[in-house]
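Dock the two chains into a complex; use the hints.
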Amino acid sequence: MSFVPGQPVTAVVQRIEIQKLRQGNNLILGFSIGGGIDQDPGQNPFSEDKTDKGIYVTRITPGGPADVAGLMMGDKIMQVNGWDMTMVTHDKARKRLTKKNEDVVRLLVTRKSLEEAVKHSMGTYHKQ
Amino acid sequence: MFCRNQTARATVARGSALEMEIRRGKFRKSVFLDTSQDSDIQKKIDHEIRMRDGACKLLAACSQRDQALEAAKSLQTCSTRIMAYMSELQRMKEAQVMQKVTRRSSDAGPMDDRLPCKGKVAISDLRIPLMWKDTEYFKNKGELHRCAVFCLLQLGGEIFDTDMVIVDRTLTDICFDNTIVFSEAGPGFELRVELYSCCSEDDYSAGSTPRKLASKLSSSLGRSAGKKLRAAMEPGPCSPVSNGGAAPLLLPVPSVPGPKYHLLAHTTLSLSHVQDSFRTHDLTISGNEECSYWLPLYGSMCCRLAAQPHCMTQQMMSGCLKVKQCGGDPQSWTKVYAVLKGTSLFCYHRQEDVEANIEPAFTIGINKDTRIRASEKDPHSKVQNICISNQYGGEEVTHTLTTDSREDTHRWMEAFWQHFYDMSQWKQCCDDLMKIELPSPRKPAPVTPKQGSLYHEMVIESSDDLSSTVSDILARRMQELELRSQLGTSPTWMSVFEENNAKSAGRTRHCTSRLSGHSPCTPHRLPRSPASPHRCPQLGLLSSDASLTSDSDSHCSTSPCSQHHGWPEPSSSFSLLSSSPSRLRPRTLSLDAKLSTLRGRGYGGGGAFQCPCQPPPSSLLAPLPISSRSPRSQRSTQTTLSCSSSTSSNSSSNSEGSHSPESSEGVPFSRPSPARRSLRNLRARLDPRNWLQSQV
Chain A
1 MSFVPGQPVT AVVQRIEIQK LRQGNNLILG FSIGGGIDQD PGQNPFSEDK
51 TDKGIYVTRI TPGGPADVAG LMMGDKIMQV NGWDMTMVTH DKARKRLTKK
101 NEDVVRLLVT RKSLEEAVKH SMGTYHKQ
Chain B
1 MFCRNQTARA TVARGSALEM EIRRGKFRKS VFLDTSQDSD IQKKIDHEIR
51 MRDGACKLLA ACSQRDQALE AAKSLQTCST RIMAYMSELQ RMKEAQVMQK
101 VTRRSSDAGP MDDRLPCKGK VAISDLRIPL MWKDTEYFKN KGELHRCAVF
151 CLLQLGGEIF DTDMVIVDRT LTDICFDNTI VFSEAGPGFE LRVELYSCCS
201 EDDYSAGSTP RKLASKLSSS LGRSAGKKLR AAMEPGPCSP VSNGGAAPLL
251 LPVPSVPGPK YHLLAHTTLS LSHVQDSFRT HDLTISGNEE CSYWLPLYGS
301 MCCRLAAQPH CMTQQMMSGC LKVKQCGGDP QSWTKVYAVL KGTSLFCYHR
351 QEDVEANIEP AFTIGINKDT RIRASEKDPH SKVQNICISN QYGGEEVTHT
401 LTTDSREDTH RWMEAFWQHF YDMSQWKQCC DDLMKIELPS PRKPAPVTPK
451 QGSLYHEMVI ESSDDLSSTV SDILARRMQE LELRSQLGTS PTWMSVFEEN
501 NAKSAGRTRH CTSRLSGHSP CTPHRLPRSP ASPHRCPQLG LLSSDASLTS
551 DSDSHCSTSP CSQHHGWPEP SSSFSLLSSS PSRLRPRTLS LDAKLSTLRG
601 RGYGGGGAFQ CPCQPPPSSL LAPLPISSRS PRSQRSTQTT LSCSSSTSSN
651 SSSNSEGSHS PESSEGVPFS RPSPARRSLR NLRARLDPRN WLQSQV
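Listed in order, the protein sequences are those of chains A and B. Under full-length UniProt numbering, the final residue of the first sequence carries the number 128; numbering is consecutive throughout. Under full-length UniProt numbering, the final residue of the second sequence carries the number 696; numbering is consecutive throughout.
So that you can see chain B by itself, here it is in the shape it has in the complex (with noise of 0.2 Å):
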């Protein structure tokens, strides 16, 4: 961390007088400062001692693990960032002396130097590629090693670390996610990186027993104790500094009892490295093989390293202007409002334009091929016109400005020259805009403790939307089947559904805890039921009940009565389906995704996850397509549901249901053509029991 060529590092070398005097506390630190910059660091160095000392607090006094390295990571970047602000202050401080000096001794003139625009450097999916030997990563032996590691960049005076990822060795890159970005950096910035790393393990006493006798000791001692022992003596840090191989300290860092990141690689970019792609850099790896911190590394790191100089993204210089094209007519000035910004110049009708983002009337190229020149001295008029030229193609356009005032166009060609110095300066930069992706606030994600199963590691998405989903399909139905009512088309099975409905209604009543045990099935069936306004209302109600205890129970135990009342919901369901032989039924992208989510679900197909309620609605979704299939004859559909509760056809009809919901794209529930035959071959196939798929 400390290196000697770098100007911007300036260090208060331990023991001297300046330090001993600010430890003392004799000098306030107010007494050096007369700028308000100065209180601004000041500020900063109060917080950011506040903010270590919290971290201390909470290192001291916390005991699960993953709170001890994420303070400790706190701990480290505090430090970090203490040290450069003193050091910024520093040098803060011998400028001042330099300036009085130079005052002093001569006239300090103009200064002459251009100084290019500052910029945004953004730096992203920072990926670390790790190198285990084979035996290690394949075989899986042995205790697994942990590490935690984060990273630490710091461009000038901002520093920001990345969240802390575990390593271990199913690992085979270390990936960060975090876009940080950098808002004030000069385009001779350095940007560090610093990859930090801690061992993750149970005990943290810090003892310094060699690698060599400890491994001897667990060895001899036998597995299980050998372990722990191992673990207890874990080799202390192998650099020669122990706090982390940092620059002296300016103050004294408070010892505290707890996890140490200590300095795994570092590198430094700069302009050259970026790209608006990603690229690879080559690490500094400090520490060796018999650190407690080490981890393979394979040498290397990628990241998307992007910056936008403010001459890309900013307004430069705008104003009014008369523009002429040359090789037009010589009295044909344009009156423009004219914005330069980025590779162009864009002249807009009016002001206002700008602001209402309509389209600039014209637009002048200004890139490093430009060549722009004042021109001599108009007869006309008493100012002096700026020629710009561009190559198009292989023609040259000369445009030809002209401002009201001597001084405008002395601004104006101020700013032309600013702008090509700084392309000059920002190089590659300044060819194109480089996407640079703010990172969106997002809630952190819920830490769910490995249970190693990746199983465990799904999460059953809580069916809430389907909820409103379902209603509105029902809602939409309702209209839909009130309209064909008026017309007067009332088919025959209306009363079976009537009578049927009535029944089922008032079961449904009673039995919302057995209604919750097919809450995957139901609001998969229920939707492709048109519904009656008048005539089940309770339909609604039907939906609603499941929906609500659709979460609660959707691990479903499968209760005697749930078997029992799979007779009369399937009977009322069908009779539902059944209204619907003759009629297109739109379907809804949401709605298409839940169910295929459900039938993933009831299938174990959807994402690889089994539901233990497998079994009943399974039975229950057999009659569904059965029926979809031949709705005209209720008995045969009926005769159909007698044997779906059995496991036999439970086999056949399944491979049906996993793709009943596609033939239904044209028309839903006639009979197959033979057009279609083919495709349903196609879904036999695509059975997820016999070939894996994901809902994504």
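Bound-form chain A, shown alone (with noise of 0.2 Å):
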């Protein structure tokens, strides 16, 4: 998941369909991110470039409406309904996943398993 700056990113992703959970007047996803452009990358645990901005989610409520579509913890958010989420502000992201408008977020995420998944049958594939 390192990049070079400036130029495209490629990366296997998982495209994911959260349906948001109404909870009185609140539309509530079930997870939280982390990360940003305006944060500080080093802290980033689940993140294997330690200068990766990119959003994170760092906790799934389990059973929740992420948890459901199939969203694990440690994926990085690529985007949101359309919106690119590689190159945010950590609040921007959070209102991109928290528009009232909208019932239905779908993401694109991408993770460490997802890539050696695609080497891996890519690998048995050459064995063949």
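Careful: at least some of the hints might be erroneous.
Residues on chain A that point at chain B, a partial pick, calculated with CB under 8 Å [claimed, not checked]:
hint, residue
1, L29
2, S32
3, I33
4, G34
5, Q39
6, Q43
7, S47
8, N81
9, W83
10, T86
11, R94
Keeping only pairs whose Cα atoms sit at most 25 Å apart, straight-line, the calculated DSS-like set for lysine-lysine is [to be verified]:
hint, chain 1, residue 1, chain 2, residue 2
12, B, K435, B, K341
13, B, K335, B, K427
14, B, K435, A, K100
15, A, K99, B, K435
16, B, K322, B, K368
17, B, K118, B, K322
18, A, K92, B, K133
19, B, K435, B, K120
In short, the hints are calculated from the structure, not lab data. For each residue, glycine too, the CB sits at the ideal point set by N, CA and C.
Put into structure tokens, the structure is as follows:
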């Protein structure tokens, strides 16, 4: 998940669609995020590259909408409803996820295990 | 707004006889109106005129800028609607006249022209990017030039406006969140999008000082005086037509002092722009930099334009048929109730299945690749059959339909032809049904005065729902403990719990006000402790008190008594805590969310806002996780309690506190196993003080 500034980022992503849960006056997704271009990337326990200022999932409420949708702790969020999340401030990321008029958020997330899965499947193919 | 080649718009020339007569009121419009359609339009016109008068009055009367802008917007919308209705009326009258003429002159034969079906067209997520000079945007110098903008969308006779948005140079795009749905649109529709803007300064005196002179004056007069003067002398509208570039008016628009909207940009969308995703369209910009209502538009507009023709959403034809698949037994006719809708012919066993939403027996695809023809007369029956052929993969599959009578066959063929015609007219809209989300009625967001700081924009949610959650948890705890106590196991700590409880309960009765001081944390702590029903019924009281007063005193003052009572509170709670060492505590979703919200509040990590009552809650929270670690000996926890009030232990305990709720996934309060230590490390690193996290 390391990137070279100025070069396009390629990643194996998974699409995750989360239906927001209504709780009184709030719509909650059931996870926490960390990171952002205004945060210290060295403190991110999930990132491989300690200069990665992306948005990461730090906590999933068990049984919550995000958990049901398949989001996992440690995922890096690349897009939310089409909006890029690789180069946003923390608050911008939070706002993009918590828009009151949206009932569903479609995320593109990436995680190490996805890349490994692709490599593994490609590896078995080559063996054949 | 006035396009000559737009047939939908007719104009009554200014000063023409018709206009004068209408103005004088000599002719009541009903003289011209024969049909009910006309009276409908007349009613709409009257309604809009009333609305316009109301808007004018409101504009004249209101003093606040926001109200004035909104009123001016409704005025503009009403004027546009009136003009559209008038032109519609004119057109209908012309059509009537033409009809009379043709009837007189020749026999009007049956109309062979097929009309395509109508449909719904929806436009949503309008976004217009702006192109500020980078010096303006980043350096943020000079006074903030603000404009109020809104979009007017017109299709056929329907005109809708979006909400008004205030734009200044801190915005990169103008976004309109509304979804506008037009119900009756033909495939040849033209959706006209117009962007109106109005300068939003303090003084609305309509001077027309040229901008250069104004800027000279403002710079020579000194900064603040010049600013005011410049606002007062805002250059008037730059386009030659001063009433917003509108077509010639039929009825005099009352000139009201106040903000006036001017057309900034426009574009027209049609069927070729319809797509199920976002697309960018070009805007035609009117006005230039000298105008007061100018905004640096990038020149394009993004939106999602979707269309649902009725042939895709409604049943076009339905009836009983007999179907036979080609290549099958020639005598195996299946009787079905068929419904033609969208891209398929649904065949149900019985008519009742349609309403009951039962799956159809089978479905025959009807799309642009389907071929339908009437076959030769079947020797057995006198009725023609209809053959429908589709290509599935490489194979061609043919279904043969037959009806009971010749008229039915003819009707079905007619329906198929009409369906094919509709699909050819609506083109890409008939490939798949596009989703149109109807705007849900929701309460308008409360307008908060802009205070400039991000923190001011945060709304501190009331913990009303927390009280219900907490009492639910408590009720469950009570039940669980009741069961346990019935089993006979009564841990030794219960006695401590009891005596402490009496103390704390007594105290808490009096000190509800002080309790409110801890409100963000008390509900946090309480659910973690199981409660036995007989022994602490007061806990229920505790929670309700806490929740009732939580709102009022969420910004608690650190009164000395709160500190003082920091002691007995934790002692009771910890003892309650220690009662659950060996039991799995199931956690609820809402509780989790609330806990982390509260934690976030307490540490200032959630939503990035600082809770002013941070010191006391954290000091009270501190003993919690520590006691969760080692519940065995009360003494140790007591000693930790003793130093909890001091700030030195706060820092260390805070970091632990941030992850204690999570570590209780499995075994809540036992000594952490080595496997969990890595998790603990993770939790330590997730300390919001080092790395901001937000709950969403």
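Violated hints - listed by number, lowest first: Per hint list: 7, 8, 9, 10, 13 and 17 violated.
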